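Engineer: In case you want the letters, here they are:
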Amino acid sequence: MTGASAAAPVTDAVVQLTGVGRKFHRPGGGTVTALDGVDLTIPRGSAFGVVGESGSGKTTLMRIIAGLEKATSGRVLVDGTDITALPEKRLTFLRKTLQVVFQDPMGSLNPRMTIGRIVAEPLVVQGHRDVSGRVAEVLEQVGLDATIVGRYPHQFSGGQRQRISIARAIAPDPAVLIADEAVSALDVTVRAQVLDLIAEIAARRSLTLIFVSHDLSVIRRVCDRVAVLQGGRLVETGAVQRVYDHPEQAYTRRLLAAVPRLAESLEMARARAAGNRGGRSTTTADAGGNDSGTDDSSTDTNTEDAR
Amino acid sequence: MTTTAPQQKSVPGPLLEVSGLTVRAGSSVLIDDISLQIAQRERVGIIGASGSGKSLTCMAIAQLLPEGLTASGSVRMDGEDGNLLTTPERRLARIRGQRTGMVFQEPMTALNPTMRVGRQVAEVLRLHGMSAGRARAEVQDLLTVVGLPDPQRIAKSYPHQLSGGQRQRVVIAIAMANSPDLLICDEPTTALDVTVQATVLDLIDRRAAAADSALLFISHDLAVVARICDRVLVMYGGRIVEQGPVTEVLTKPQHEHTRRLLADADLGGEQSESSTR
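In order, the protein sequences belong to chains A and B.
Going by this note's numbering, the first residue of the first sequence is number 91, and it counts up by one from there.
Going by this note's numbering, the first residue of the second sequence is number 623, and it counts up by one from there.
Warning: the hint list may mix true and false statements.
Unchecked claim - Which stretches of chain A does chain B cover? Using the computed rule of at least three CB atoms under 8 Å from a CB of chain B, they are:
no.: 1; segment: 277-291
no.: 2; segment: 308-320
no.: 3; segment: 355-362
Claimed, not checked - Here are some of the chain A residues that sit facing chain B, going by a computed Cβ distance under 10 Å:
no.: 4; residue: Glu143
no.: 5; residue: Ser144
no.: 6; residue: Asp305
no.: 7; residue: Ala348
Stated by the list, open to error - From the derived model, a few chain A residues whose C-beta atoms are all more than 12 Å from chain B:
no.: 8; residue: Ala103
no.: 9; residue: His115
no.: 10; residue: Tyr242
no.: 11; residue: Arg323
I should point out that these hints are in silico values taken from the structure, not numbers from a laboratory.
Here the structure is a predicted model, which means the values were calculated and not measured.
Cβ atoms here follow ideal geometry from the backbone N, Cα and C, with glycine treated the same way.
Make a model of the complete structure from these sequences and hints.
Structural biologist: Structure below.
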């Protein structure tokens, strides 16, 4: 399954997962397997995408790497340290090595704290020497004016708030930046700007970027490698270009085919417009029969129905 | 615009005619004097950044504006007397559900969490005059038509027991129950997984075609709009800044904002592969 990642010679892995599993106990008895035997190597300095639909285990995987949750089996190495064996107290090193930008900036920024205090928080915890200087520096790096330190989160737009989250995340100079659906709550027009900002910061600071998203086009835009998850298992991993252009697994193909593409949609719209002279309902029924870009639209229905 | 109403039928006029629609919150203007028409069976999309007024336009047309907002201008529907903006709620309730159906982004908010799915579908049919016995049989049919497996089990389920895609199918079953003349969809697949989105779009497409319904369809995803709609309106700052057939607006955008939307939507490099970026 993980042939692609095993084949690629990885000289320096910043995150390495071996046989990682996570089971949850159902309140009423029984267990749910959120992750099952995941082997994954994230090379230092890469922009690594983790893509999957709901229930794929991508969020659980992200939380395990970030030390927010424990694997129930397997080993997780972050910067060479096995975090599965570490007691809670020793995980503080993770806070310096690894920072997370979450989906909803409003939920992750304390509304009662000024921007200055929010961004300073991880620095204060670490006993940084020039906190205010560093805060000003990172705010400027994310394209915000350093004079906003006295203001509050609600005074900013969604895109600006996500910039503030990014400033806070990069303040302690982490080796790994995890973006968990970091642009999913943003408007389309802002999304591209914030994505570019994340990619640019990761490149400039030689960060390892782990980008978790359900959105295939977002991953394609910022990542060089990608892992595809489905039902808690790793389906496929490899270079973004290779996986997107030549997916090896049926699920990856199905996932990629389901993304609506403007060129294809416009093709269908042209066909409809041409067919409209003959009556609209027949043309649309025809279009409905052989569209969706795949030859397995019936399996699509089945998969979804099974949930 | 010659691609709309088919010529072989004598169409009495547009299904929906909105003119000078303005929506205010106190003194601030949110929708600024917009006019639009939807022909019978025509499919019209609305695109625009958030805050551009797409959803408010739909809500104003459906007479479902949130408390505190006021609409002026006129909304007329073929076969209904007078301006819907000044029509009493009792008559509107009949129009909604019988002549218009609605599908919103989050199916959970459209469904009653404490009522079994079957009863919710039956309720719409009963409200519009069907007998209890016929409604019960019709519910099974409707749930089958929207592609739900084991409709008997689904009818007995509560919304939280269904997946997001299944819930949206139930909402579509309710919206289409009375074969409405106009189906209003506001980001109907945005909360769904991409593989589920494909099947739900397909369903909307087929159901609207089968019932001869016109569509007013909002999406931030331009490819989705092109997949479903004939004509598209581009909104910006509460105004319609551009409109035309999707095949023209999305390939030869005239307004700066439309060009911007196209550029920003192009994350995966679909366009950049063929042009420079």
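Engineer: Decide, hint by hint, whether the structure agrees.
Structural biologist: Right, here's what the structure says about each hint:
1. 277-291: holds (count 6)
2. 308-320: n = 3 at 8 Å, threshold three: holds.
3. 355-362: holds (count 6)
4. Glu143: holds, 4 Å
5. Ser144: Cβ of A:Ser144 sits 6 Å from chain B, so the hint holds.
6. Asp305: Holds. Min distance 8 Å.
7. Ala348: Check passed: Cβ of A:Ala348 comes within 4 Å of chain B, closer than 10 Å.
8. Ala103: holds, 28 Å
9. His115: It holds; A:His115 is separated from chain B by about 20 Å at its closest Cβ, greater than 12 Å.
10. Tyr242: holds, 21 Å
11. Arg323: Holds, since 16 Å exceeds 12 Å.
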